[in-house]
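Residue numbers (the numbering used here), protein chains in the order written: chain A, 1 to 333; chain B, 1 to 291; chain C, 1 to 331.
Take the hints with a grain of salt, since some may be wrong.
[Unchecked claim] To give an idea of the chain A side of the interface with chain B (calculated C-beta under 8 Å), a few residues:
id : residue
1  : Q102
2  : M103
3  : F105
4  : L112
5  : N113
6  : P114
7  : R119
8  : R127
9  : V128
10 : N130
11 : R149
12 : Q152
13 : D153
For the record, the hints were derived by calculation from the structure and aren't laboratory data.
The beta carbon of each residue, even a glycine, is placed where N, CA and C say it ideally should be.
Chain by chain, the residues run as shown.
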Amino acid sequence: MTYEAPVLEVEGLHLHFPLKRTLFDAIQRKEKRIVKALNGVSLEVKRGETLGIVGESGCGKSTLARCLARLYEVDKGTIRYDGQEVAAKDAGALREYNRKVQMMFQDPYSSLNPRMTVRQVLAEALRVHNMRPLEQINDRIAELLDLVRLPQDAADKLPHEFSGGQRQRIAIARALSVEPEVLVADELVSALDVSVQAQVVNLLLELQDKLDLTILFVAHDLRLVRHVSHRVAVIYLGTIVEIGDSEQLFNAPKHPYSKALLAAAPSLDPDKRHTRPSISGELPSPLNVPKGCAFHARCPHASTQCQSETPRLRALDELGNVACHHAEALLSA
Amino acid sequence: MTQLDTLQATTPQKKKLHPRVKALLRPGFLLGFFILSSSILLAVFPWAFAPYDPNAFDFNAIQKSPSWAHPFGTDNLGRDTLSRVIWAYQVDMQIAFFATFFAMVIGVVVGSLVAYHGGIADVLFGRLVDVTITFPFLVLVIAVVAVLGPGLTNMYVAVTLVQWVYYARLTRAEIMTQMTSDYASAGRVMGYSSTRIIFRHLLPNATTPLITYWMTDMALAILLGSSLGYLGLGAQPPQAEWGVLIAEGRNFITTAWWMSLMPGIAIVVTGLGFSLVGDSLADVLRPRGAS
Amino acid sequence: MTNQNESLLQVRDLTTTFHSKGRALRAVDGISFDVRAGEVLGLVGESGSGKSISLRSIIGLARDYGTVEGNVYWKGEDLLTRTDKQLQCVRGSQISMIFQEPMTSLNPLLTVGLQIEENLKAHTDLDRRARKARAIELLDTVGIPSASSRLKDFPHQFSGGMRQRVMIAIALASNPELLLADEPTTALDVTIQDQILQLLLSLAKNLNIAIVLVTHDLGVVAQTCDRVAVMYAGRLVETGSVRDVLKRPQHPYTLGLLKSVPENIPPRTPLYSVPGTPPALDALPKGCAFAPRCYKAEDVCLGSKPLLSQLGDGISSACHFTADIREEVLA
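Only chain A is shown next, with the shape it has when bound in the complex:
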């Protein structure tokens, strides 16, 4: 694999949400509670690749997606696009970033304005970003509908007239209308039935090749992530515990959490049953992130070092990075 300059570089992203203190808490002089959603996430996304982001709910994967789409302002850390830091000061550059990085959401029923027809939705996007002269807008809408395989008469319908899968296609068309370079897909197909999921995933893969898109595929369905991604990042409590080549990560996960996560995914083969849970305990609350390695309480290999020292994400080989003190030992064992 030749080295390419990353299109998106993220370094040390932190995002904490303070919870509102109730009057009762204030009287009891309780400390302000803070949801630690992201605790220093760094990653690079290469042009044209799909980076899968997996983790359990509450691990911060959706928060990360929203930070990249600039729906949240990060507390600490930098986002660089094509080597240029995206800073809040430069309004013009921000606008351009907002066009180049588009996001698609999970819930097909709330991501479209119920009062706008598909034509209105697409025309608005085209007009606001001056993508086409006014007289070409309808032609472009027809093109976009073709692109996402919706019939032409879909243009003048309202969202409620479509099925979930069709709505996600509309959302894809809306994102594509401003000709972005990066798509952030936050659980794009999770709400869809399996047979419809496959249609949308195929469409996404096809569009990526055709339009040379870079995709961040955030999902909890490991099989899907494996299928669409070149590389995969596993997130646990707001930090990346492992990132690397998709096939390698799925075939031989190195972090104990990645291992447990993969083992828990139910296989379609009834002969590959396991008889005991792959991992005990539950994800700790992001209000109360454990010291040291966040995973140590559930980890079968945890040592005293894990309780005090936070492991850093480090390269184990050319294909992947792991954040575990005992990665080498586990590999040779």
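With the hints as your guide, set chains B and C onto chain A.
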């Protein structure tokens, strides 16, 4: 052929009405619509309907009970109550509109902005709401009118000053609910301006309760206008206004009950019209596919 | 231990119809299946296939909003002919149910201990002290750590996975012989899902409880069930042992479902996808409901509904062309 097709093939083809139109063909809405449209007609062309000059004294017909000549009777100065009630439509429909419209516009704009931007403005707004709703509405309005002086215009100012807070509170809550939908986030990701997101995306989806509230509020405004008229703080006699009419009749309630009852009925009927229309509009304006 | 071959629950021609705006919508259309003691049966299908409604029809929860016809024999007795009151002594005691979202099915104002003891009071004759002991024992069985100290906790103090465990503990309080589970792990994360499924499996094995597991996830079926019934548009399209159905599906829909799951195919290649979407209940085709999406459909499929028919080795399928498909899969 699907079952649906067979169903349609066997039943005679009727011209299908748009579902929204169909929703309007209910007795409730039709009655309300009838009341409101006739109220507006009476307000715009009172001279065409009123049988007498509302201010003409007739000392030969003082406190006559309802009869064919004077269906609503006459008052202590011989003025025809029906004509006075009809001319009062002009004033009271104006009150319904002016006492609510500006409050609504201001409230919707302020409510949307504080909801969307949050921060210190939202906190301050919250305190303002707390203060405002602590006082009974009527007391606040009367206090402001007392400062400004009686009269219709001052009453509009007073009501607007107090009432916009209620509209803003409602709008804020609705916009907050809408903001949890992903389409609002999608707008931000598309790089749309906050003005566009608020007024083009969020607000249209928040109008349903606002319209209903506005309709109810117009009915309440008539009541309020009448109450202030009754107290001598709103429309001034001899101008015919339902509250003023009721006030005029209060001394004669035992001898000439119709003087107060007839304008009272007018208030009730008009209020009913607004409520009925408001209810039906709420159903019609709701985006389809939402329950 | 009851005889393994005897059916605990026999569902025959179960049909549930809803009436909406003067039209009859058939959500469940004549399904029949058996559940044997200690067996885990998976009822799998996509949203709107009628799998949840079937489950609710069995236990008498669907009749509040629809008409339920057919027979549901519980140990030989028809449950559908019983009144709600007569159902009480079966429902919640011999047959228990757990739901997808445990937060909405637990009472938020009562402690977990009280809710378990309530169920014990209704279905057992234990005294107060024994009830408390049993409640602790139950929480322990479902894997809630330090059970005795958690009796006084309210549902909101538990995480999603723990709440589902509490629901299972409540369901177990009456020593049921059959557990109806409606998407019990859909709202949970994969590691927690794994734990809950393992728990259900151990219950089935150790306490000889039969389970009907409704799910949309074929992986869950593969990992937990003994037999599986696949539903599409209110009808059963295929039933059989999990191994047979998942490895050698006979119905094009089952085949399509299995092939749309990205497993064992090269990454980033197009997935097999079933064209179109499932039909709406008010627009069901006259023939086979799957025909408009089926690659094999011929005239006969559009004209008549195929019946579920036994294909020798314990697998039944409702397709006019089962023999051909079998050859294709094997090839």
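Going back to the hint list, which numbers does this structure go against?
The structure breaks hints 7, 8, 10, 11, 12, 13; every other hint is satisfied.
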